[in-house]
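Peer 1: Let the hints inform the model, and build the full structure from the sequences given.
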Amino acid sequence: MDVFRLHFDIDGGSFASAGNASVEVKKTLRQLGVSNAVIRRCSIAMYEGEINMVIHADGGTADVEVYPDRIVMVLEDHGPGIPDVELAMKEGYSTATEQIHNMGFGAGMGLPNMKRSSDDLKIETKVGVGTKITMVVRL
Amino acid sequence: MTVHEMAEKLSLQTICEPDPDREVTGGYTGDLLSWVMGRAQSGDVWLTIMSNQNVVAVATLADTAAVIFTEGVQPDAGVRELAEKKDVNLYSSPDHSFAVGAKVAALL
Ligand SMILES: Nc1ncnc2c1ncn2[C@@H]1O[C@H](COP(=O)(O)OP(=O)(O)OP(=O)(O)O)[C@@H](O)[C@H]1O
Ligand SMILES: [Mg+2]
Numbered sequence: 001m002d003v004f005r006l007h008f009d010i011d012g013g014s015f016a017s018a019g020n021a022s023v024e025v026k027k028t029l030r031q032l033g034v035s036n037a038v039i040r041r042c043s044i045a046m047y048e049g050e051i052n053m054v055i056h057a058d059g060g061t062a063d064v065e066v067y068p069d070r071i072v073m074v075l076e077d078h079g080p081g082i083p084d085v086e087l088a089m090k091e092g093y094s095t096a097t098e099q100i101h102n103m104g105f106g107a108g109m110g111l112p113n114m115k116r117s118s119d120d121l122k123i124e125t126k127v128g129v130g131t132k133i134t135m136v137v138r139l
Numbered sequence: 001m002t003v004h005e006m007a008e009k010l011s012l013q014t015i016c017e018p019d020p021d022r023e024v025t026g027g028y029t030g031d032l033l034s035w036v037m038g039r040a041q042s043g044d045v046w047l048t049i050m051s052n053q054n055v056v057a058v059a060t061l062a063d064t065a066a067v068i069f070t071e072g073v074q075p076d077a078g079v080r081e082l083a084e085k086k087d088v089n090l091y092s093s094p095d096h097s098f099a100v101g102a103k104v105a106a107l108l
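Residue numbers (this note's numbering), protein chains in the order written: chain A, 1 to 139; chain B, 1 to 108.
If you are wondering where the hints come from, they were derived from the structure by calculation, not from laboratory data. From a predicted model like this one, the values you see are computed outputs, not experimental measurements. Treat the hints with care, since some could be wrong.
Stated by the list, open to error - For the chain B half of the interface with chain A, some residues (derived, Cβ under 8 Å), not all of them:
#1 LEU32
#2 SER34
#3 SER42
#4 ASP87
Note that CB positions come from ideal geometry on N, CA and C, so glycine has one too.
Peer 2: Spelled out as structure tokens, the structure:
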């Protein structure tokens, strides 16, 4: 199997269409014959990362690569960065505003979900510069 | 039990039912989307009072069998059309989530 690549520009302004890239990834993985269990893990990880870019970083890009033995998802934004990654990783920690809470986000469960759903999660972030998150799910 | 059978037995209001034969295997109640994303299982009926478009994306990705809006909640504008397109079954009930959940559980 050749390496299969997908690229998405994630629009920061649109909460309504948030999740579209993740839905697209799910569809593609299904077409590639990836198992349901792996699709589920990728869907969760990708969705949480996509939503975080929309809510916290005014959008960004997502690159998904499907290798014979693993799926790699790279989410990159030029948002505010994460000042304290260890704190951000804690279940229940969120800086989401009231307005964002009203839409159902801001439980502080996104990053923990990403960690749980992936075999490897790497967060590179710099305050004022942006955040790059790399997640690997093994097949 | 299919979602259609469930909807009939519980006298739910059908908002859209693009996949009526989908099998119901469990249930999950929650309004915080990251909890639902991480906890709801494939085949669950998801009970929520959230009415926005993000519900459709979460239902698609978590692969739930159906969404039941409880407390008489109706989806926001455009949600039904989106759900039709994404094959997501949507229903509404005037009852609160605990009451609806208990009825779903009794059917399983
Ligand atoms: N891409 C990002 N850029 C800047 N800050 C981020 C980014 N992703 C996460 N954060 C910060 O980390 C916190 C925790 O993120 P997490 O996804 O766990 O929770 P949340 O997005 O606030 O709520 P939920 O994901 O449950 O809807 C966020 O509130 C935000 O402060
Ligand atoms: Mg989040």
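Peer 1: Using 8 Å as the Cβ threshold, decide whether B/SER42 counts as touching chain A.
Peer 2: Holds, because the Cβ-Cβ distance from B/SER42 to chain A comes to roughly 7 Å (cut-off 8 Å).
Peer 1: Does the CB of B/SER34 sit less than 8 Å away from some CB of chain A?
Peer 2: At 4 Å from the nearest chain A Cβ, B/SER34 passes the 8 Å test, so the hint holds.
Peer 1: Does the nearest C-beta of chain A fall within a distance shorter than 8 Å of the C-beta of B/ASP87?
Peer 2: 11 Å, violated
Peer 1: Report holds or violated for the interface hint on B/LEU32, using the least CB-CB distance to chain A and a cut-off of 8 Å.
Peer 2: Hint on B/LEU32: holds, closest Cβ of chain A at ~4 Å, below 8 Å.
The structure fails hint 4 only (numbered hints given earlier).
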